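S.K.: Dock chain B against chain A, hints included.
Below, each chain spelled out in residue letters.
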Amino acid sequence: MLVIEDDDGTAEEIVTALDDRGYVLDRAADGTEGLARARTGTWDVLVIDRMLPGLDGLAVIETLRGEGIKTPVLVLSALSAVNDRVRGLRAGGDDYLAKPFALSELAARLEALLRRPADPRETVLHVGSLELDLLARTASRGRRELELLPREFQLLEYMMRREGQVLTRAMLLENVWNYRFVPQTNLVDVHIGRLRRKVDGPDELPMILSVRGAGFMLRAPA
Amino acid sequence: MRLPEFVHSTTFRWALGVAGAFGACTLLLFGFVYWQTATYVTGNIDTAIAEEAHLDEGSTRQHILDFIDDRLRDDPRRVKLAGLFGPDGRQIAGNVATLPSGMPLDGMAHPSKLIRVDNRGREEQNVRAVARRLASGDVVVVGRDADELREIAEIVARALALGLLPALCLALLTGTLLSRRAQWRVDEMNRRVQRVVAGNLNERLPVGDYDDPLNRLARIVNDMLDQIERLVGELASVGDDIAHDLRTPLTRVRAMLERGRNSAGSLPDLHVTTDRAIAGLDQSLAIITAVLRIAEIDHSRRLAGMATVQLSDILQAVHELYHPIAEDKGVSLNLDLSAAETVSGDHDLLLEAIANLVDNAVKFTPTDGSVTLRLLQRADGPVVRVEDTGPGICDVERSAVFKRFYRSDRSRHAAGVGLGLNLVAAIVKLHGFRLAIADGPGCQIEISCSAA
Chain A
20 MLVIEDDDGT
30 AEEIVTALDD
40 RGYVLDRAAD
50 GTEGLARART
60 GTWDVLVIDR
70 MLPGLDGLAV
80 IETLRGEGIK
90 TPVLVLSALS
100 AVNDRVRGLR
110 AGGDDYLAKP
120 FALSELAARL
130 EALLRRPADP
140 RETVLHVGSL
150 ELDLLARTAS
160 RGRRELELLP
170 REFQLLEYMM
180 RREGQVLTRA
190 MLLENVWNYR
200 FVPQTNLVDV
210 HIGRLRRKVD
220 GPDELPMILS
230 VRGAGFMLRA
240 PA
Chain B
68 MRLPEFVHST
78 TFRWALGVAG
88 AFGACTLLLF
98 GFVYWQTATY
108 VTGNIDTAIA
118 EEAHLDEGST
128 RQHILDFIDD
138 RLRDDPRRVK
148 LAGLFGPDGR
158 QIAGNVATLP
168 SGMPLDGMAH
178 PSKLIRVDNR
188 GREEQNVRAV
198 ARRLASGDVV
208 VVGRDADELR
218 EIAEIVARAL
228 ALGLLPALCL
238 ALLTGTLLSR
248 RAQWRVDEMN
258 RRVQRVVAGN
268 LNERLPVGDY
278 DDPLNRLARI
288 VNDMLDQIER
298 LVGELASVGD
308 DIAHDLRTPL
318 TRVRAMLERG
328 RNSAGSLPDL
338 HVTTDRAIAG
348 LDQSLAIITA
358 VLRIAEIDHS
368 RRLAGMATVQ
378 LSDILQAVHE
388 LYHPIAEDKG
398 VSLNLDLSAA
408 ETVSGDHDLL
418 LEAIANLVDN
428 AVKFTPTDGS
438 VTLRLLQRAD
448 GPVVRVEDTG
458 PGICDVERSA
468 VFKRFYRSDR
478 SRHAAGVGLG
488 LNLVAAIVKL
498 HGFRLAIADG
508 PGCQIEISCS
518 AA
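Protein chains in written order, with my numbering: chain A, 20 to 241; chain B, 68 to 519.
Take the hints with a grain of salt, since some may be wrong.
Each pair of labels, with its calculated beta carbon distance range [unchecked claim]:
1) B/Asp336 / A/Lys118: 28 to 38 Å
2) A/Asp39 / B/Ser405: 51 to 61 Å
3) A/Gly232 / B/Gln261: 53 to 63 Å
4) B/Pro508 / A/Pro72: 50 to 60 Å
5) A/Gly212 / B/Asp342: 11 to 21 Å
6) B/Glu255 / A/Leu122: 53 to 63 Å
Chain B is nowhere near these chain A residues, computed Cβ spacing over 10 Å in every case [unchecked claim]:
7) Asp25
8) Gly73
9) Pro91
10) Leu125
11) Ser148
12) Glu150
13) Arg156
14) Glu176
15) Glu223
16) Ile227
Keep in mind that the hints were calculated from the coordinates and are not lab data.
Quick caveat: nothing in here was measured; it's all calculated off a predicted structure.
Where a beta carbon is used, it is the ideal one built from N, C-alpha and C, also for glycine.
Next up, chain A with everything else stripped away, as it sits in the complex:
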């Protein structure tokens, strides 16, 4: 994993935090160096700051994409312009995170980029005894049919495709509801709570887990 970030403090934080989680990291301090190393190395994922000395972060991404390098990119930005996110994604970034961010948020998003979701052409998803039929729009856990509202269905689909990954509230809001803002209330918790009551019966082992300080995770009971 390559982190292209000019601010030493931020870079150190990122490197330390991800190191603890078992990732192997390298760091470049400016755009030119970053681009050179991103080209040569075989990286699983790139973390690129939007504002870099030498060569702008977006230019780095555009150059890489122009050369056919498809390594997933997470764009970091201290800029908080309304359209910055759109520009970052349009330039070829795969995800976008505005500073200040929680390291757990960064880790979760990197994890998502590293583990691309299961084959999107699959029409029936399975996690443990949980089954989701995308064509028939039905869900069941073992023999128990689950009555899901359309949004709950989407939420479950998203989580099942990312089995075992930590999903933050912001990721769920962005990808399930398509909302870009952070609501003041614990909206996501309430929606997850409703889904959880349907998926995890009172005498069943929980599949939807809360990850303290980070978000939620769906996985087959051990």
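M.R.: Same frame as chain A, but now just chain B:
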């Protein structure tokens, strides 16, 4: 040679212009006076000489000679002329040398030049003269010197010179003084403005007693400075508010960490403390993020994500998003779409704004209350309205709720960082829509989606 600075000033140029116009008017006036006087004097002369020349048709030559003698005898100013000429034009009597050629013999006064001959020699005089042929064939000429007209002209010119020149000088002097004074006032204003620029915001421009343009301008600038001083003060207090709202959670976090470090007996104990500290820091970060987001929306000049947006879709989405939360709280969230209206705007931002309104409404509505999200159609455009059965907002608090970080004292216990409405206001303003708090039971907030 470099002219002094005041010569270039507008006031001085005005003074010059006014002096010029005044001079032209005076000239015109004096010209008129001269013309009127000359006409009057000429008229008098003409009447007099025409009367004198009006001799009886049958007057004898002796009679005429007596008349001429009579006329010429008492003329110390040498202004009178008279002559008698034979039918052949030969001079018979009088002090006129020759009968001027081309002079009509009609008994009317005409301007003419006659040669005067008397004991002091020959002299050509500008006169008004009457010539008339008598029955005998003789021609009688009566004239009077018209030099008086020239004298009048001279008097008028002298008066003009004596009156106009000092007036012009006075005008120039006044102009100079006025422009000097204006210059001085502008310099003084500049000095004060420089002090404001240097950061001394309580400096004001001097305002005189008169209602002249410069004073009016100074008053306008002073009003503006008052407003700026007030805004800067408010900004500073917003800074205080932010600092205060940040200090509260940070102080708590610090205390937690200190306690954890000193008294945590086991690793799980420390974990509990750390998690609580992280939650506290997240709250501080949320405040900072919210402030940055409001600033970002405030500073956006235009909308990049402009598109035609179906308002009912947004309302439905917000309703779906908040329905479970309202239900958990025992508040019913109703949706009333009596219109299907589109507006031009940014879908994500409008969603954020309306979601914030609903968020607030749900938060402040007590259990068993209700929140209604309505889309109305008014003559000037669609209106999104969020009504609740909560405590409402009293008049005094209405403008304050849009101030950053304001939370009504009654709601201090409710969660949230108190920035929601600011964000809504910023988004609404960016769209050119209007935000209003309507009267009614509970709180009713409207976004009027028509160009303001």
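S.K.: Now, for every hint given, state plainly whether the structure supports it.
M.R.: We went through each hint and held it up to the structure:
Checked against the hint of 28 to 38 Å, the C-beta distance between aspartate 336 of chain B and lysine 118 of chain A comes to roughly 32 Å, which is consistent with it. At about 56 Å, the CB distance of aspartate 39 of chain A to serine 405 of chain B agrees with the hint of 51 to 61 Å. The given range of 53 to 63 Å is respected by glycine 232 of chain A and glutamine 261 of chain B, whose C-beta atoms sit roughly 55 Å from each other. About 58 Å separates the C-beta atoms of proline 508 of chain B and proline 72 of chain A, a value consistent with the hinted range of 50 to 60 Å.
At roughly 20 Å, the beta-carbon separation of glycine 212 of chain A and aspartate 342 of chain B lies within the given 11 to 21 Å, and the hint holds. Under the hint 53 to 63 Å, the C-beta atoms of glutamate 255 of chain B and leucine 122 of chain A, about 59 Å apart, fit the expected range. Look at aspartate 25 of chain A: its CB is around 20 Å from the nearest CB on chain B, clear of 10 Å, so calling it non-interface holds up. Distance check on glycine 73 of chain A: its Cβ is at least 26 Å (rounded) from any Cβ of chain B, clearing the 10 Å threshold; non-interface status holds.
For proline 91 of chain A, the requirement that its beta carbon stay farther than 10 Å from each beta carbon of chain B is met, with the minimum near 24 Å. Every C-beta of chain B lies more than 10 Å from that of leucine 125 of chain A, the closest at about 13 Å, which supports listing it as non-interface. With a cut of 10 Å on Cβ distances, serine 148 of chain A stays outside the contact zone with chain B, its closest approach being about 26 Å. Consistency note on glutamate 150 of chain A: stated as away from chain B, and its beta-carbon is indeed over 10 Å from all of that chain's, at 24 Å minimum.
The Cβ of arginine 156 of chain A lies farther than 10 Å from every Cβ of chain B, with a closest approach of about 17 Å, so its non-interface assignment holds. Against chain B, the non-interface label of glutamate 176 of chain A holds: every CB pair exceeds 10 Å, the least being about 17 Å. With a cut of 10 Å on Cβ distances, glutamate 223 of chain A stays outside the contact zone with chain B, its closest approach being about 22 Å. No Cβ of chain B comes within 10 Å of the Cβ of isoleucine 227 of chain A; the nearest lies about 15 Å off, and the non-interface call holds.
This entry satisfies every hint, going by the numbered hints stated previously.
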